[in-house]
Amino acid sequence: MILEHRIPAKYLLDIIKYELIIALLAGMGTRLLAGIFTDDVPLMPLAIPAFLGTSISVLLSFKMNQSYDRWWEARKLWGAIVNDSRSLILQLQSFVSTDQAPAIQKMAYRQIAWCYALGKSLRGQAALDNTNHLLTPTEQKAIAQHSHHPLAIMQLNARALQSLRSHKAIDAFGHIHIQETLTRLTDSMGGVERINRTIFPSTYRLVLHFIIYLFIITLAISLKNVSNLLVVPLLLLISAGFFFIEKIAFHLQAPFRNRPSDVPVTDIAETIEKNIRQLLGEAAKPEAIVKKSHYIL
Amino acid sequence: MILEHRIPAKYLLDIIKYELIIALLAGMGTRLLAGIFTDDVPLMPLAIPAFLGTSISVLLSFKMNQSYDRWWEARKLWGAIVNDSRSLILQLQSFVSTDQAPAIQKMAYRQIAWCYALGKSLRGQAALDNTNHLLTPTEQKAIAQHSHHPLAIMQLNARALQSLRSHKAIDAFGHIHIQETLTRLTDSMGGVERINRTIFPSTYRLVLHFIIYLFIITLAISLKNVSNLLVVPLLLLISAGFFFIEKIAFHLQAPFRNRPSDVPVTDIAETIEKNIRQLLGEAAKPEAIVKKSHYIL
Amino acid sequence: MILEHRIPAKYLLDIIKYELIIALLAGMGTRLLAGIFTDDVPLMPLAIPAFLGTSISVLLSFKMNQSYDRWWEARKLWGAIVNDSRSLILQLQSFVSTDQAPAIQKMAYRQIAWCYALGKSLRGQAALDNTNHLLTPTEQKAIAQHSHHPLAIMQLNARALQSLRSHKAIDAFGHIHIQETLTRLTDSMGGVERINRTIFPSTYRLVLHFIIYLFIITLAISLKNVSNLLVVPLLLLISAGFFFIEKIAFHLQAPFRNRPSDVPVTDIAETIEKNIRQLLGEAAKPEAIVKKSHYIL
Amino acid sequence: MILEHRIPAKYLLDIIKYELIIALLAGMGTRLLAGIFTDDVPLMPLAIPAFLGTSISVLLSFKMNQSYDRWWEARKLWGAIVNDSRSLILQLQSFVSTDQAPAIQKMAYRQIAWCYALGKSLRGQAALDNTNHLLTPTEQKAIAQHSHHPLAIMQLNARALQSLRSHKAIDAFGHIHIQETLTRLTDSMGGVERINRTIFPSTYRLVLHFIIYLFIITLAISLKNVSNLLVVPLLLLISAGFFFIEKIAFHLQAPFRNRPSDVPVTDIAETIEKNIRQLLGEAAKPEAIVKKSHYIL
Amino acid sequence: MILEHRIPAKYLLDIIKYELIIALLAGMGTRLLAGIFTDDVPLMPLAIPAFLGTSISVLLSFKMNQSYDRWWEARKLWGAIVNDSRSLILQLQSFVSTDQAPAIQKMAYRQIAWCYALGKSLRGQAALDNTNHLLTPTEQKAIAQHSHHPLAIMQLNARALQSLRSHKAIDAFGHIHIQETLTRLTDSMGGVERINRTIFPSTYRLVLHFIIYLFIITLAISLKNVSNLLVVPLLLLISAGFFFIEKIAFHLQAPFRNRPSDVPVTDIAETIEKNIRQLLGEAAKPEAIVKKSHYIL
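Protein chains in written order, with the working numbering: chain A, 445 to 741; chain B, 445 to 741; chain C, 445 to 741; chain D, 445 to 741; chain E, 445 to 741.
The following block holds chain A by itself, in its conformation from the complex (with noise of 0.2 Å):
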């Protein structure tokens, strides 16, 4: 997540430089090819960049849209998985019989480690990682054997949970109402993986592009008789503003990429990790130190 830290400029330019260089290719080359044929592109009348930069502004009004409900939506996500955490561990004090205590705390650690796999797995990386005070080695290596680590971790809990009632450290009706939230926490486990594995109709944006080009060539014949001197960045800055929102949008659809925008996957596990020991009443982990820096993950 980007913070309201001051943005540095070369991150900004680094997002656009290549639709507008090419955006500078196109525009020059059209009014070079017009300078050519000069009396063959007699009018191009104004009112259709005009119109077409309009046309834009709505079509990226509705990705932009669609986009930042992606990325919402994985946010609410992330939230309910706070929330599940917490009411898990309150859940589990609140009905397991008190000389459990070891294993309640067990199970918060498993899933203390089962926010950061998911986290690092969204992202491609290397799952079990960050979670060697959390989970036993032996746990680790029978995880590690899985393809699929958050699920096998949750699959974990769901058996020690099993196990706890079956020593009648919980009756059926807590049994129940933790394995409720369980489900929720695979809803939510399975709503970060949809959103990450389904692309957005990936032709929109292809047309999208085709579009701003479109406005591109037909506005810079339109001025042929202005001035390159005003011409030039007045293309470059127009272009500019749309390619970024489209850059914007394009990087709130996909928010687990290991990018500043993304949804900050680890700083929730960490959060979830403070609290949680809060509530068994441990001492918080050592603040790690943080550099400054204009986004969190």
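Worth flagging that the hints you see were computed from the coordinates, not collected in a lab.
Where a beta carbon is used, it is the ideal one built from N, C-alpha and C, also for glycine.
Possibly wrong hints are sitting among the right ones.
Reference listing, derived: stretches of chain B covered by chain A, where coverage requires no fewer than 3 residues with Cβ under 8 Å from a Cβ of chain A [claimed, not checked]:
(1) 494 to 501
(2) 525 to 532
(3) 535 to 541
(4) 600 to 609
(5) 645 to 655
(6) 672 to 683
(7) 716 to 722
Lysine-lysine pairs mimicking BS3-like chemistry, simulated, CA-CA at most 27 Å apart [said to hold, decoys possible]:
(8) C:691 to B:691
(9) D:668 to E:668
(10) B:520 to C:520
(11) D:612 to E:612
(12) C:691 to C:454
(13) C:668 to D:668
(14) D:520 to B:520
(15) C:520 to E:520
(16) B:691 to A:691
(17) B:668 to C:668
(18) D:691 to C:691
(19) D:585 to E:718
(20) D:520 to C:691
(21) E:612 to A:691
(22) B:585 to C:718
(23) B:520 to A:691
(24) E:668 to A:668
(25) A:612 to B:612
(26) E:520 to B:520
(27) E:612 to D:691
(28) B:612 to C:612
(29) A:520 to E:520
(30) A:520 to C:520
(31) A:585 to B:691
Knowing the structure of chain A, use the given hints to seat chains B, C, D and E on it.
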């Protein structure tokens, strides 16, 4: 689902070829007529096609919005099917007494078969293909007698659950809890069928096409003094943009038609099979060799 | 629901014929007046109708959006009715002791009758038609005494459920579980009634028509130097597009008025009957011979 | 709720009369000033008011959207109240032992009274009017002592439910089940209160009015060479359209203010009374004679 | 929340003063430069700023939409907190044995304290202020040791509930039922924290500002032949409209920053205290004397 791999230009052009030909004929025909009656058609101001163009982008944006929502809702429902399939297995393992592993496996296999069958039946294909390794011949025969195959599979699982209950392998609470998961799966099944069978108001599409052609004709008249060399590509390119977006929307509306833009139900069902087999502790089904393509189904 | 079959042109034209006649009269009247007072009406710039046209498309887009949402919500509620009808049977079969098959069948038939009756009553038709094969004469008579027929059928089923409980054919858990399904069906019933009885803010429609006529009049004045041969079809075609979209929206808003654009409640109820009979293991009702039409109801 | 009956023109005009007078003064004043300083105000191009007009329609569309959503959410919440009121009676009849019919009737009457009281209190009227036939004088007195009358009625019903439980007239499961219905009713009550007490960002309205007046002034300057005979009606008609939509939105935002555009809470409460009495097997309350009007409350 | 009382003009102007100064400087600077290089800047057509202006309104509309949705979601979550706080007390009174009134009162007071503490902590203020009349010094001290005060209060109530259970003052069903209410409250707490900590994509804001300045500069060039007397106020007024809407959106996005446009969490918590005390049968807390202001917090 169309992947972000390079999409073949031929595929893109095929999508709108008929519309482009009609657009070309309409535009050229208009210019010819305007050339003939040149004195009667003196002053169609460019403001007319310009505002029509803006209006088209607004109306397209609405259509794109609703179509995307249908597609995304379909994707969400299949996401819920993934989640509930996983949860079903976790719940069976948590609530059914451990000596019933074969019964659990049988229900799990039926659940996988249900996913394949639902995907196939949405696409109007033979629903029981790909289920030989999951259903016994007796089951297949029983299911085939019904008109609604996925519902028949669901009923088999509901009966299996009741049979576990009557054999005391599950208690009343677990019975209800798992029955609720079946109910959610029934809801998801009904949801995707609803999307599949409900046609987006088809008169809207007619009006949209009508206004796009009106735009082309008025634009052709307005530009009658501009050279054909400029007007023909302009007409074609702008209408290509409009028709393309309309077609994307049209395809997203009906996401189970065996088209590249479909919700990839077969791919999802394979993921479910992989996940469920992992939860059962089974080896994964040998991965099929996939041809690299620009889409998955 | 209008199918994608070829929609008759007459049907399309009928929808907007009154509006088009008024539009023609307004446009022509304006031009006549403008011709008479030709010196007083010198310079209505085309920018006025152009921006009005764009504004109309924005306002229409809002209306189309909300109307579509109502229609889709109505369709979703009927989808929920399909789902809960299926689930009701599965749950009865799962929780009621097996010697009660006749009672289950009776409740299932009442559920089918409820679907037909709800659809009919939404359209203001006799709610108990088509239910002779489902309800006994005694039941029909009892229901007919109530002012709200579907609610009366629902109450009969709630009582049947309680009777099963008091005869120990179902335990407390199953009772609650199935009562929850009846509650969801009650919610869906209330939902479609809400859509049916709540009028979309009707003043909005007045303003929209008002602005469309304002557009036609200002356009007619602006184009007063252009030949009638061009202006009349232009006025008619553009206003046809606007009025058509407005009418589509108007029809979608109220999806239970016995119009081709309705949610096809009868068709859905027939599907439910087919599904429930399959779940009961009965032969399907003989398919009625349907006349091929461009819509279903 | 405004019905589709013929809406009196006076009602429509009353809604925007102040805004129209200000618009007229602003427009005329501008023209006068522009006439005086005619050389200093040479060239306000029409493109300025034209793009402002388009922008206004976009901004109005947003406002209309959100306002409609609030109104529709309020309507949905009252729909949920209808559903849960019906379900409450069905559940009481299903779970409370049959010898408790008088207790059920008492709770049902309180539920009806709660609906009337909630509607009245939302409109800032005396909440206990219209409840003499439903509540005993003792109950009315007890309720009147509380600051929140509907909540006090709800508490009476919650206590009645607990009393049924402590007299063993209902078991634990039924108790929970019906308490959940009361919780949903509490949620709906809180929901409509939220809509009623939360003011739509009122600064947005100020800016919108500001831009509309800016539009009128720039349009008046742009058209300074056009005859007053044409400009005055044009200014009035266009701004009437804008102000009217703004007012519709403004009224929809706050749907419990005793205005014709309200959610018809009294009408809905009467429907609930009719439905509940039917479920209790009572004769309907004699229908009040209603004056034909263009709206219901 | 800003009330509909007269909003001071100073407050309104303060909101956008910096943006207006920059806009003025940019516009004037451009005009000066355009005056100097008057031959090089001959023909910037007005269509450029006009379409930019329309585009800005579209992009602003998207931003306003999402910001309003965040604000409304935050308001809804606080509405859910009101509902669940009321329901919690009704449920405690319904399920806990009547001799436990002091324990219920203690939990009710903690629930009130939780509401105040959550509101304060969202605004980054001392969370335990205003809770002296609700929490004992021992409780306050225990809570103060945790980093997350509202979560600590929630845990105290969860433990109190478990203690009621272990003392047999509540049965298993009531325990689960009330624990579910605590879970919903945990969800609402997580929800408002999510909104508070998630920054709206801040690059979007940069682009929007960038395009508004681009609009101002191109407009200033286009109007270079129009008198300063007209252009300066025009530039200022139009950009004031745009910046104002952007600022409204910016403030709505983050509704817990101690600003007049906040969700009024303190006011809501006071309502909850009043309602809960009524349900407990206590006298209301003496109303604080409020200064009349144009907003509440």
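Do the hints match the structure? See the list:
1. 494 to 501: Result for this restraint: holds, n = 6.
2. 525 to 532: holds (count 4)
3. 535 to 541: Coverage by chain A holds for the region 535 to 541 of chain B (4 residues, Cβ < 8 Å).
4. 600 to 609: Since 0 is below three, the answer is violated.
5. 645 to 655: violated (count 0)
6. 672 to 683: holds (count 5)
7. 716 to 722: This one holds; 3 residues, not fewer than the three required, reach chain A with a Cβ under 8 Å.
8. C:691 to B:691: holds (23 Å)
9. D:668 to E:668: The hint holds at about 20 Å.
10. B:520 to C:520: holds (15 Å)
11. D:612 to E:612: Satisfied, since the Cα-Cα distance of roughly 18 Å is no more than 27 Å.
12. C:691 to C:454: holds (15 Å)
13. C:668 to D:668: Status holds; Cα separation ~20 Å.
14. D:520 to B:520: holds (24 Å)
15. C:520 to E:520: Measuring from Cα to Cα gives roughly 24 Å; hence the hint holds.
16. B:691 to A:691: holds (23 Å)
17. B:668 to C:668: holds (20 Å)
18. D:691 to C:691: holds (23 Å)
19. D:585 to E:718: Holds - the C-alpha atoms of residue 718 of chain E and residue 585 of chain D are around 20 Å apart, at most 27 Å.
20. D:520 to C:691: Distance ~25 Å between residue 520 of chain D and residue 691 of chain C Cα, so the pair holds.
21. E:612 to A:691: violated (60 Å)
22. B:585 to C:718: holds (20 Å)
23. B:520 to A:691: This hinted pair holds, its Cα atoms lying about 25 Å apart.
24. E:668 to A:668: holds (20 Å)
25. A:612 to B:612: holds (18 Å)
26. E:520 to B:520: Cα-Cα ~24 Å, so holds.
27. E:612 to D:691: Measuring from Cα to Cα gives roughly 58 Å; hence the hint is violated.
28. B:612 to C:612: holds (18 Å)
29. A:520 to E:520: Answer holds: residue 520 of chain A to residue 520 of chain E is near 15 Å, not above 27 Å.
30. A:520 to C:520: Holds, because 24 Å separates the two Cα atoms, which is no more than 27 Å.
31. A:585 to B:691: Since the Cα atoms of residue 585 of chain A and residue 691 of chain B sit roughly 50 Å apart, the hinted pair is violated (cutoff 27 Å).
The earlier numbered hints that this structure contradicts are 4, 5, 21, 27, 31.
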